[in-house]
Amino acid sequence: DAGITQSPRYKITETGRQVTLMCHQTWSHSYMFWYRQDLGHGLRLIYYSAAADITDKGEVPDGYVVSRSKTENFPLTLESATRSQTSVYFCASSTIGTGALNEQFFGPGTRLTVL
Amino acid sequence: AQSVTQLGSHVSVSEGALVLLRCNYSSSVPPYLFWYVQYPNQGLQLLLKYTSAATLVKGINGFEAEFKKSETSFHLTKPSAHMSDAAEYFCAVSDWKGSARQLTFGSGTQLTVLP
Chain D
1 DAGITQSPRY
11 KITETGRQVT
21 LMCHQTWSHS
31 YMFWYRQDLG
41 HGLRLIYYSA
51 AADITDKGEV
61 PDGYVVSRSK
71 TENFPLTLES
81 ATRSQTSVYF
91 CASSTIGTGA
101 LNEQFFGPGT
111 RLTVL
Chain C
1001 AQSVTQLGSH
1011 VSVSEGALVL
1021 LRCNYSSSVP
1031 PYLFWYVQYP
1041 NQGLQLLLKY
1051 TSAATLVKGI
1061 NGFEAEFKKS
1071 ETSFHLTKPS
1081 AHMSDAAEYF
1091 CAVSDWKGSA
1101 RQLTFGSGTQ
1111 LTVLP
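As given, the protein sequences belong to chains D and C, one line each in that order.
Under my numbering, residues 1 to 115 are what the first sequence spells out, in order.
Under my numbering, residues 1001 to 1115 are what the second sequence spells out, in order.
I should point out that these hints are in silico values taken from the structure, not numbers from a laboratory.
Mixed in with the good hints, there may be bad ones.
[As the list claims (entries may be wrong)] Derived PhoX-like pairs (lysine-lysine); straight-line CA-CA distance at most 25 Å:
1. C:Lys1069 <-> C:Lys1058
2. D:Lys57 <-> D:Lys11
3. D:Lys70 <-> C:Lys1097
4. D:Lys70 <-> D:Lys57
5. D:Lys57 <-> C:Lys1069
6. C:Lys1069 <-> C:Lys1097
[What the hints assert, rightly or not] Restraint ranges, calculated between C-beta atoms of paired labels, are given here:
7. C:Asn1061 <-> D:Ile54: 19 to 25 Å
8. C:Gly1098 <-> D:Thr13: 25 to 31 Å
9. D:Arg44 <-> C:Gln1042: 14 to 20 Å
10. C:Gln1045 <-> D:Arg44: 17 to 23 Å
Where a beta carbon is used, it is the ideal one built from N, C-alpha and C, also for glycine.
Next up, chain D with everything else stripped away, as it sits in the complex:
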């Protein structure tokens, strides 16, 4: 299917476990982003990537790791999950950053619960 997809859509894990959230886009967009959405905070940027093998930290990167070996995939890994990482995670992509003419397209989200 065309667009941006995330998997899994729902995940329950335990404290200390490693979890990987997947993001896949079919548009060949250069930029990809990971956000977390928490009540009262809107969306906060965790990491972003300008191209394959180029990643950079966002506002709240601690406890997360990303990689981007292929343009279309941008997995997010929680190396040792904590309860504070319970959240809804959104992946997004755009053509050239988030400039005036380039909007970000969002995936449907992954709801992660850490027990």
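The hints should help you fit chain C onto chain D, whose structure is shown.
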């Protein structure tokens, strides 16, 4: 750093009434501003964006927003609310950080439409 503030985390209107969702920005340079909508269990979808071409911006689904520099505001309006407009709305500002233009989101406004 640029930021946006959304006044009112919850707004209720009757079907057919005017919708007004407030957003104020903080920026030392002309900002690029966005409104996104999030329907339940979905990702964010772009409603409209301000890129300095015109102060009154028209978006999808009958929404529009007016950029007022003197008031540092970018409020979202719709003349007549529909039940299908019930969703969460986010104002965002685009800013260069690191190697990309990044979006900074407000905390969101939940719109309820009453029959």
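Verification of the hints:
no., hint, in the structure
1, C:Lys1069 <-> C:Lys1058, "holds (18 Å)"
2, D:Lys57 <-> D:Lys11, "holds (24 Å)"
3, D:Lys70 <-> C:Lys1097, "holds (23 Å)"
4, D:Lys70 <-> D:Lys57, "holds (18 Å)"
5, D:Lys57 <-> C:Lys1069, "violated (31 Å)"
6, C:Lys1069 <-> C:Lys1097, "holds (23 Å)"
7, C:Asn1061 <-> D:Ile54: 19 to 25 Å, "violated (36 Å)"
8, C:Gly1098 <-> D:Thr13: 25 to 31 Å, "holds (30 Å)"
9, D:Arg44 <-> C:Gln1042: 14 to 20 Å, "holds (19 Å)"
10, C:Gln1045 <-> D:Arg44: 17 to 23 Å, "holds (19 Å)"
Of the numbered hints stated above, those contradicted by the structure are hints 5, 7, listed in ascending order.
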